[in-house]
Each structure stands twice: as structure tokens, then as C-alpha cells.
Amino acid sequence: SKFPSLLELSIRECPQLLGRLPTFLQSLQKLEIYECRRLVVSISSFLSLCELSIEWCEQLVYEGSSSTEEVTSLKNVSLKNISKFDISAEKAMLRFANSEVFDISGWKELESLSQNGLSLVGHRFITIEDCPQLVSLETEEERLPVDKIPGVESLEIWYCERLNRLPEVLHAFTFLIGMRLNGCPGLVCLEMRNFPPALKKLEISKCENLQYLVDENVNNKSMSSNTRLLEHLEIMDCPSLIWLSSRGDICNRLQHLEIGSCSKLSILFLNAKLPAMLQQLVIWDCPVLECIAQDFHETLDLKSIKIFCAENIKLLPRGLDKAQPS
-16 SKFPSLLELS
-6 IRECPQLLGR
4 LPTFLQSLQK
14 LEIYECRRLV
24 VSISSFLSLC
34 ELSIEWCEQL
44 VYEGSSSTEE
54 VTSLKNVSLK
64 NISKFDISAE
74 KAMLRFANSE
84 VFDISGWKEL
94 ESLSQNGLSL
104 VGHRFITIED
114 CPQLVSLETE
124 EERLPVDKIP
134 GVESLEIWYC
144 ERLNRLPEVL
154 HAFTFLIGMR
164 LNGCPGLVCL
174 EMRNFPPALK
184 KLEISKCENL
194 QYLVDENVNN
204 KSMSSNTRLL
214 EHLEIMDCPS
224 LIWLSSRGDI
234 CNRLQHLEIG
244 SCSKLSILFL
254 NAKLPAMLQQ
264 LVIWDCPVLE
274 CIAQDFHETL
284 DLKSIKIFCA
294 ENIKLLPRGL
304 DKAQPS
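For the sequence shown, this note's numbering assigns the number -16 to the initial residue and increments by one for each residue that follows.
No lab work stands behind these hints, which were simulated from the structure alone.
Not one of these hints is a red herring.
Pairs of lysine-lysine, BS3-like flavour, derived with a Cα cap of 27 Å:
(1) Lys183 / Lys289
(2) Lys247 / Lys189
(3) Lys289 / Lys189
(4) Lys91 / Lys63
(5) Lys13 / Lys63
(6) Lys256 / Lys297
(7) Lys67 / Lys13
(8) Lys91 / Lys189
(9) Lys183 / Lys58
(10) Lys58 / Lys(-15)
(11) Lys289 / Lys247
(12) Lys184 / Lys289
With the sequences and hints as input, model every part of the structure.
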């Protein structure tokens, strides 16, 4: 190696740079390539690599063997807008499987994660963005084995227009506490049987066909318990949203609720009370909203209520006078 002590290599905005990166940088721990659209990047020789960030490059290749000895160091992976991903599914699975942070964006032809040897297993923080052909994060043949419980703590999905459902294995994501869905018009609701059991924070925005939070057609009390740990809920720019829930046992530990720019929302909780532990309620730009909920819990400890641009609201919940002053 010509640079035996090189730990970090960053090349940014060099649009005329041709060829390939130096190989056999045995000590390299961090590699960053940004806006080098004619550069071919091979990661097969960076055996000590911990952080990999590639955005807008010509080609990403892997020319090494499939030895499992080469894959243990990589912990932070960000792959965005790569013209050609020339890594076999087998090698990609080995190389990226154990990264804690996994972020992909701008994969225009990606239909499923396994198509390129990618998986939800092995990561703690996952972000998937701008993958317009992505239909699902799993297929029938990719169902998660029972003995492989994912350690995912955060899942973000942005601008995946064809995504019409979340993985059926979400119920096995026992460590998932935060989820964000943005720009996924194929989603109509979240299926309660798949709801992550430990989820505390959920943010949904720009999902134009979302009609309600969870599918309540399944009559199973055990399923409703999946949403009971949810503490923070934000839904914005969802013009098809009709209501959040018609059942009082859903989101009963909710502390922060914000709803904004939902043009069809007429009532938040149909035939149900506001969550008993709610502390902050924010509603804005909901022009047909008439009622928040039928009633308050006597133990409700609301500290903040903010409602604006809801010109059609006619009824506040009964018992508002019992809310504790802040």
C-alpha cells in the first residue's frame, strides 16, 4: 500500500475525476465520495473500513472474495444516487449486513431490498429514500426467520411512491421505537397486526391516500395492544385522512399529538375519548374538522392545546373544564 497510515479519504465535487480509487488502503476507516459522477469506486480492498458514504458516483463495485472475514468492520453505510451498483447480492449481503446505520437513496430501479442482497436484519437505524419502484420491503420468499429478531431502532421511508404496505414482519421488530413515513401515496393505513410492539414515536407526512391510522376491521383485542406504547404521533399533509381511530383503546399512552394540513379530517377520535395521558395537542389547517373527540378522561392532564386554521370546528370535548391548568 502506498498510504499505509491513511485513515480517512474524502473526495467531494470533482466532476472531471476519472478512473478508480486507489486500492489496498489497508488502514482506511472512513471513505466519503460526493459528486464525482465519473468515478468508479471499489470497496473490496478496504478491510478496515468503518464508515462509507457514496453519493453521485459512476459505479460502485466489489471485486474481492466473499469471505466473511472482510465484513465485520463496516458500521455506517450511506449509498445515494449511484449510477451503477455492480455488487452481487451475495457480496452485498456479506459486506453491508452488520452496519448499524444503513441509508440508501435514489435507487430508481430498486423493487425489493433482496434484489441487491440488502435486508432489514442487522441494522439499528435504517433510512430508505427516493426509491420510486420499491413496492415492499420484503417479498413472500423473504419472510424473516423466527430466530432472527431485528435490532432496528429507527426506520424512515421517504418518497417511495409505489410502496403500498409495510413489512409483515414489523411485529417482530421488538426494538423499533421510532418510525417516519413521508411521501408514500400507496399507503392507505397501517395494519394493526404488523404494528411494531415497542413503537413510541410515529411521524407520517405527505401520504396522500392515508385514510386512517390503523386498520381496525380485524376484531382482535390483542392486536390493539400493539399501539398502546405510542407516545408521540404526528400526521401532516395527508389530504385523505378521515379520522385517527374509532376505538378508545388505541394510543391510550399518547402524550403528544399533532395533526396538520389534513383537508378531509372531520373528527380525530370517533365515538371515543381523547387518550388519557395526552399532554400536548396541536391541530392546524384542517378546514372540515368539526369535533376533536366526544369526551375527555377525568384524569386527562393536558398542558397545551393549540388549534388554528380550523374554521369549521363546532364542538370541543365534554369535560374540557376538568383539564388540569398548566
